[in-house]
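*Asks:* Below are the chains, spelled out letter by letter.
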Amino acid sequence: MSDLLRVRGLTKRFGGLVAVNRLDLDVGAGEIVGLIGPNGAGKTTAFHVISGFHVPSAGEIVFKGASVVGQKPHAICRRGLARTFQIVQPFAGLTALENVMIGAFNRTGDVAEGRAHAREVLDFVGLGSHRDAPARTLTLADRKRLEMARALATQPELLLLDEVMSGLNPTEIDQIVGLLRTIHARGVAILLIEHVMRAVMALSHRLVVLHHGEKIAQGPPGEVARDRRVIDAYLGESA
Amino acid sequence: MAARAVGLVALAALVALPPLLPKYFLEVLISVLFYAYLGESWNVLGGYAGQFSFGHAAFFGIGAYTSTLLFLRLAVSPWIGMVAGGLLAAGFGLFAGSLSFRYGLRGPYFSLVTLAFAEMLRVVAVNTKAVGSSLGLSIAPRSAPALFLFDGKLPYYYVILAMALGAVLLTRAIERSKLGYALHAVRENEDAAEAAGVDTLAMKLRAMAISSFLTALGGTFYAQYYGYIDPSLTFGPAVSIQGLLQAIVGGAGTVLGPFVGSFVLTPISELSRAALRGRAGADVMLYGLILVLVISFLPHGLVGWFRRR
Ligand SMILES: Nc1ncnc2c1ncn2[C@@H]1O[C@H](COP(=O)(O)OP(=O)(O)OP(=O)(O)O)[C@@H](O)[C@H]1O
Ligand SMILES: [Mg+2]
Chain X
1 MSDLLRVRGL TKRFGGLVAV NRLDLDVGAG EIVGLIGPNG AGKTTAFHVI SGFHVPSAGE
61 IVFKGASVVG QKPHAICRRG LARTFQIVQP FAGLTALENV MIGAFNRTGD VAEGRAHARE
121 VLDFVGLGSH RDAPARTLTL ADRKRLEMAR ALATQPELLL LDEVMSGLNP TEIDQIVGLL
181 RTIHARGVAI LLIEHVMRAV MALSHRLVVL HHGEKIAQGP PGEVARDRRV IDAYLGESA
Chain F
240 MAARAVGLVA LAALVALPPL LPKYFLEVLI SVLFYAYLGE SWNVLGGYAG QFSFGHAAFF
300 GIGAYTSTLL FLRLAVSPWI GMVAGGLLAA GFGLFAGSLS FRYGLRGPYF SLVTLAFAEM
360 LRVVAVNTKA VGSSLGLSIA PRSAPALFLF DGKLPYYYVI LAMALGAVLL TRAIERSKLG
420 YALHAVRENE DAAEAAGVDT LAMKLRAMAI SSFLTALGGT FYAQYYGYID PSLTFGPAVS
480 IQGLLQAIVG GAGTVLGPFV GSFVLTPISE LSRAALRGRA GADVMLYGLI LVLVISFLPH
540 GLVGWFRRR
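Protein chains in written order, with my numbering: chain X, 1 to 239; chain F, 240 to 548.
Don't read these hints as lab results, they were simulated from the structure. Where a beta carbon is used, it is the ideal one built from N, C-alpha and C, also for glycine. Just to be clear, a hint being listed does not mean it is correct.
As the list claims (entries may be wrong) - On the chain F side, residues computed to face chain X include the following (Cβ under 8 Å): (1) Glu266; (2) Tyr420; (3) Ala421; (4) His423; (5) Ala424; (6) Ala435; (7) Val437.
Said to hold, decoys possible - To give a feel for the contact side, a few chain F residues facing chain X, derived at Cβ under 7 Å: (8) Lys417; (9) Glu427; (10) Asn428; (11) Ala431; (12) Glu433; (13) Ala434; (14) Gly436.
What the hints assert, rightly or not - Per label pair, the in silico range of CB-to-CB distance: (15) X/Ala116 - F/Met359: 46 to 54 Å; (16) X/Lys64 - F/Val245: 48 to 56 Å; (17) F/Met359 - X/Asn169: 39 to 47 Å; (18) X/Arg186 - F/Ile534: 40 to 48 Å; (19) X/Leu140 - F/Arg341: 53 to 61 Å; (20) F/Val362 - X/Asp110: 58 to 66 Å.
Pulled out of the complex, with its shape left as it was, chain X reads as follows (with noise of 0.2 Å):
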């Protein structure tokens, strides 16, 4: 197997609350899996977890053949892991440029060069012709688009995103479901955390369903979208 990323028995608890329970989860490289769920199902605390963001109470984590397991999340970017949140955090009082340098410069000391990246990746995003605008300045649209830019630009084999295409109108979202397209066709595997649910099943080669901490699902688009246990979760949700 060319697993990129092997989760294995991943746990964590905050107190008595078991926000993710004994989850398996691979990525293998050059593929797109999506993490789906109701609210509250864990999926933000796996990636929070998988990140290096938050310690795990339980269970093993190996990115690129070794464990990340206690590493801080800047060591973890390095490796080749990013991630975006999914509450934007731009660099507010920093231009748009300048937020995307500073995912740059973790290939690159030159500022100049990380500064040349930064431009063919806000570019790619389309956000180019924003580029000296503050962050704080953004629409929540362009917040996401930059976000995405700012850990694409630190050159990862893995992305986690977690729920770029929320708060987006129609266009907004099949721009960005172009976009991992692309992406992905440049040879990065995806993890994506997605409520949009067409947008996930036209992307995903695999789902993984989260439900109060634990995987009840997993598989093919198709088959995961008519596992009655799928269903229930989703129901039992909004009912």
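With the hints as your guide, set chain F with the ligands onto chain X.
*Replies:* The following block gives chain F with the ligands in isolation, referenced to the frame of chain X:
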């Protein structure tokens, strides 16, 4: 281009005019540059990295005491003692920084811990006979340039001018480097910085080391210029406040902010000190008032206000 021309004219004036100035004005100008220097030193950590130290007096005092004790006890030239003090202060800064950063102290908690460190050193100095306790230490005036002692004020003026310009050039180099971007990232959002591959702890410690080293050199300058140090003059909270005040009023996290701050504030404080002579604490109240006004109405300092127009 225009900015560069203005800068060069200002620099030429700062180099050429002082010999023509009356003694009182020269003293004020030395104070202006001295506080600009302290502000610039604080700025690296407080302004660029956004770590609001309230305890830079710790580094200032370490600098002042190290060079003075080396000089008085071991006859080491304060020029050398200055570097020793800087290194010692940087070491202490790294120690205090790793303690507080490792335990995740941010914002006001970090400020309070740094304040506590400075106060701790002040109390130690007060209670240690070997360093003169609360009587302090004096350096007898004489003319010995190799020992950082000069006849008259003018040479001290050029020393502090060189130090201040050095701090400006260093800050500018940092601002344009990868380190400068990383520090801004830390200031803006530490989680996002980590996610983007910035080793936030290492960056904060680097800023801490640079900032404390520079501040300590200011302590040595103070000891040589005034010829007298005691625990509250060097380790007291007023020193910490002076540094951050220049930076915040002028514009924290900008290269020239502390200079602008000091050129505005120091003359005001000299005048008010003369006007309020003998009323202990009046100047501190005045600083408090200025700080409140600036933070309320000019959150990015004078430089920020200027740029916005
Ligand atoms: N830092 C924390 N401390 C305590 N509880 C937390 C913490 N973070 C998350 N939780 C809890 O863990 C559970 C999982 O939350 P999480 O944010 O991972 O869900 P999610 O699947 O991302 O949901 P959504 O789709 O709404 O974003 C929730 O019950 C949440 O309240
Ligand atoms: Mg979430």
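*Asks:* Could you run down the list of hints and mark each one as holding or not?
*Replies:* Results of checking the hints against the structure:
1. Glu266: violated, 38 Å
2. Tyr420: At 5 Å from the nearest chain X Cβ, F/Tyr420 passes the 8 Å test, so the hint holds.
3. Ala421: Result: holds, 7 Å to nearest chain X Cβ.
4. His423: holds, 6 Å
5. Ala424: holds, 5 Å
6. Ala435: holds, 4 Å
7. Val437: holds, 6 Å
8. Lys417: Status holds, d = 5 Å.
9. Glu427: Given a least distance of 4 Å, the restraint on F/Glu427 holds.
10. Asn428: holds, 5 Å
11. Ala431: Where the cut-off is 7 Å and the nearest Cβ of chain X is about 4 Å from F/Ala431, the hint holds.
12. Glu433: holds, 4 Å
13. Ala434: Status holds, d = 6 Å.
14. Gly436: Holds, about 4 Å.
15. X/Ala116 - F/Met359: 46 to 54 Å: Since the Cβ atoms of X/Ala116 and F/Met359 sit about 48 Å apart, the hinted range of 46 to 54 Å holds.
16. X/Lys64 - F/Val245: 48 to 56 Å: Holds, at about 53 Å.
17. F/Met359 - X/Asn169: 39 to 47 Å: violated, 57 Å
18. X/Arg186 - F/Ile534: 40 to 48 Å: holds, 46 Å
19. X/Leu140 - F/Arg341: 53 to 61 Å: violated, 35 Å
20. F/Val362 - X/Asp110: 58 to 66 Å: violated, 47 Å
Of the numbered hints listed earlier, those contradicted by the structure are 1, 17, 19, 20.
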